[in-house]
Amino acid sequence: MQAHLIQLDISWENRDANFQATADLLAHTDTKPNDLIVLPELFDSGFSLNISHTNDQDNATEHFLMHLSTTLRVYVAGGRTVRPQASTRALNMMTVYGPSGEKVADYAKIHPFTFGREPEAFDAGDTVVTFSWADSSGDTLRVCPAICYDLRFPELFRLGMRRGAEVFAIGANWPSSRQDHWRTLLIARAIENQAFVLGANRTGDDPYLNYKGGTIAIDPKGRILGELADEIGVLSVPIDSALLHAWRREFPAWRDARLLDR
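Counting in our numbering, the sequence shown runs from 952 upward without gaps.
Everything labelled a hint here was simulated from the structure, so no lab data went into it.
Here a beta-carbon is modelled for each residue, glycine too, at the ideal position from N, C-alpha and C.
Fair warning: there could be bad hints in the mix.
[Claimed, not checked] Using C-beta positions, here's what the derived DEER-type ranges look like:
hint	residue 1	residue 2	range
1	H1196	G1067	33 to 41 Å
2	H1014	D981	41 to 49 Å
3	L1194	R1040	39 to 47 Å
4	S1087	R1129	22 to 30 Å
5	D1156	E1053	15 to 23 Å
6	T1022	F1202	34 to 42 Å
[What the hints assert, rightly or not] Below, in silico cross-link-like pairs of lysine to aspartate or glutamate (EDC-like), each with a Cα-Cα straight-line distance of 16 Å or less:
hint	residue 1	residue 2
7	K1054	E1106
8	K1163	D1131
9	K1163	E1013
10	K1163	D1181
11	K1172	D1157
12	K1163	E1178
13	K983	D1090
14	K1163	D1191
15	K1172	D1131
16	K983	D1131
17	K1163	E1143
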């Protein structure tokens, strides 16, 4: 099994340009059937609160993700803005399509970024989601999506693990001013849940912030499988399910986890 993490310099509120940039990167990526592709948070627009403009009301972003999945015969996870009918606010969504063009997950960001005024435009999701990632040999891993600021809240990841998650896929627009937090927290989520963690961050600039990428893949022991600096590119890494199962058997700390409500 292999994962491909896309690091884009997202064009501000320019969906077509971001579709083209994604397609161009994947055209030079050695994908195999049933691989997993992870795109950054709101890869089609950047972290914009202008939801009347960025809302995927015509499902163009959803159709783009589905097209990638069926053309390449892979799983594709990408971020988009979804404003329900009759609502003045949107959901910051990660949508996942499988190799046959079937939607396998819709995850709405549970923790909108208050410091960045996200709750002014986006409602919080309320459901931890997982989906099954199966390769052509029948090997299967359960994946839990998360989005950017979610990374600071380990309860989400622990609940995902208790629901069977073996891989966490995080799409982000994480700014350079807190770059060290990004890397540290991703490693912590991998170690504490004995899971693979895949973090796809954007790079470049939007009208307000600078981003340094740092897209990274981490194994269940907290070891770095691969990492990008601030360049535009794709991080491709093997995901070895046998390693995960062996480590959880050898050192079954996950069995001792307790969720406390006091």
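Check: Regarding the pair K1172 and D1157, is the alpha-carbon distance no greater than 16 Å?
Finding: 34 Å, violated
Check: Are T1022 and F1202 spaced within 34 to 42 Å by their CB atoms?
Finding: Holds - the Cβ-Cβ distance for T1022 and F1202, about 41 Å, lies within 34 to 42 Å.
Margin query: Does E1106 sit within 16 Å of K1054, going by the straight-line distance between their CA atoms?
Written below: Violated. K1054 to E1106 sits at ~26 Å, over the 16 Å cutoff.
Notebook entry, point to check: Under the criterion that the straight-line Cα-Cα distance not exceed 16 Å, is the pair K1172, D1131 satisfied?
Noted result: 19 Å, violated
Check: CA of K1163 to CA of D1191, is that 16 Å or under?
Finding: Distance ~28 Å between K1163 and D1191 Cα, so the pair is violated.
Next item on the list: Please work out if K1163 and E1143 have their alpha carbons no farther apart than 16 Å.
Entry: 26 Å, violated
Margin query: For a C-alpha distance cap of 16 Å, please report whether K1163 and D1181 respect it.
Written below: Within the cut-off at roughly 5 Å; holds.
Checklist line | Verdict for S1087, R1129 (Cβ pair) under range 22 to 30 Å | finding: At roughly 39 Å between Cβ atoms, R1129 and S1087 fall outside 22 to 30 Å, so the hint is violated.
Item checked: Pairwise hint evaluation, E1178 against K1163, where the allowed Cα distance is 16 Å at most -> 12 Å, holds
Check: Are the Cα atoms of K983 and D1090 separated by 16 Å or less?
Finding: Answer holds: K983 to D1090 is near 15 Å, not above 16 Å.
Next item on the list: Indicate whether the distance between the beta carbons of H1196 and G1067 respects the range 33 to 41 Å.
Entry: 38 Å, holds
Check: Within 39 to 47 Å or not, the Cβ separation of L1194 and R1040?
Finding: Check passed, 42 Å falls within 39 to 47 Å.
Violated hints, in rising order: 2, 4, 5, 7, 9, 11, 14, 15, 16 and 17; the structure is consistent with all others.
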